[in-house]
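Trainee: Dock chain X against chain P, hints included.
Heads up: the protein sequence lines correspond to chains P and X, in order. So the first sequence is residues 11 to 246, counted in the numbering used here. So the second sequence is residues 11 to 246, counted in the numbering used here.
In short, the hints are calculated from the structure, not lab data. One or more hints might be untrue.
[Unchecked claim] If we take Cβ atoms under 8 Å as the criterion, some of the chain P residues that face chain X in the derived model are: (1) THR32; (2) LEU48; (3) GLY82; (4) SER212; (5) VAL216; (6) GLY219.
Built from N, CA and C at the ideal position, the CB exists for glycine as well.
Number of protein chains: 2
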Amino acid sequence: MNPTAAILLIGDEILSGRTQDTNGNHLAKRLAEIGIDLREIRVVPDEHARIVEAVNTLRGVYANVFTSGGIGPTHDDITADAIAAAFGVGIDVREDARSILATHYTNPGDLNDMRLRMARIPDGATLIDNPVSKAPGFSLGNVHVMAGVPAVFTAMVESLLPGLTGGTPMRSVSVRVEQPESQVAAPLADLAKAFPKVSIGSYPFVQNGVFGTNLVARSTDEALLKQVESRLLTMR
Amino acid sequence: MNPTAAILLIGDEILSGRTQDTNGNHLAKRLAEIGIDLREIRVVPDEHARIVEAVNTLRGVYANVFTSGGIGPTHDDITADAIAAAFGVGIDVREDARSILATHYTNPGDLNDMRLRMARIPDGATLIDNPVSKAPGFSLGNVHVMAGVPAVFTAMVESLLPGLTGGTPMRSVSVRVEQPESQVAAPLADLAKAFPKVSIGSYPFVQNGVFGTNLVARSTDEALLKQVESRLLTMR
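Same shape as in the complex, but just chain P:
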């Protein structure tokens, strides 16, 4: 069994529709590649109680929880404090995080109080390197806290993943058929029954007036996947 994971996206801007999230999709792909089984994504607003509740629920259920958003310098960046509260630990400006910021903000006065907020790290957390804009993320227990800005989030993901325990990568094959989904539904159901260890899905599309379906099979077992692929190819 592969380790499990959930993603928690924190941000009013996603719930208001202003921002189309892409961090969830990016991390979902990277987790599949290293054999971590993403089982849930949640989006909650920038509210202390909501973040605390979601973190505590998810970290009890999944081996890994990845958060995105709310660790910048402004008043609405409340994720670090909420994580500390969820774990019941203290939080303060920490010297290792402060010195990372100090090498970045070198003019006197640049490392102002608001920027120092980004050096507030819960007790017991380890830092996640941020090669883009320096202010670090952190891991506390099984919760990995990263920035919401996509360029920073993706960089932090690459800093973090090598240190995590993965599993067998999830492989997938995709076969495109120019038939409506309901035409392939019956043979696909038979195939799914014959190969219970392979997850088989169908995704209809319309292109230039043609109704077609992408047939997708996913499994950690490459030999089984090959067998299913050859069966899917006969449906074209």
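Mentor: Then chain X, alone, in the frame of chain P:
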């Protein structure tokens, strides 16, 4: 207070990273326009128990729950049955839904067993019109069940929304400043304190090597929003 809502996205293809969801963002924008307050989004896999649990949790907390995905003709389309189970009601092929499909699939044999799955409607539900591909969605209590294919989802949303109780539309103003987020953090915090009924967020960006920030204020109160906007403009 505006009515609240959650969105439940059902689909392995989102959690595997194969599909970048856009339905959540589309509906989030539409809900803001009609004054329904989106408070949470969840993504769960195509698994009966997970769908039942999420539906029952969310429908107890929010005034409206909107689901996307899993109501097609194939073996992995299990949402309708899961909704019936969540409400503890029966489900079967229903005559009104069957007759909608029959007008679409007019050749003998076209309305096969797999396609008839799309006419399985939980007892007591009302249908949601699907002008794109006919197979209807449905509302049961405060849960509104729609397709995952974006063209169908967006059409169903337009069928559904006029019948829902909205509130005061959420308005927003956005001001772009060419300063890094940490430079505007302090005045922004003061502004947020002075206007507690306006939600004020900041979203950093990097463009052509320039660090900038989008300042966004959101409120249902247009007069307050105007005041905040004029203050935001002075930060440019």
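Trainee: What are the numbers of the hints that this structure violates, sorted from low to high?
Mentor: Those not satisfied come down to hint 6.
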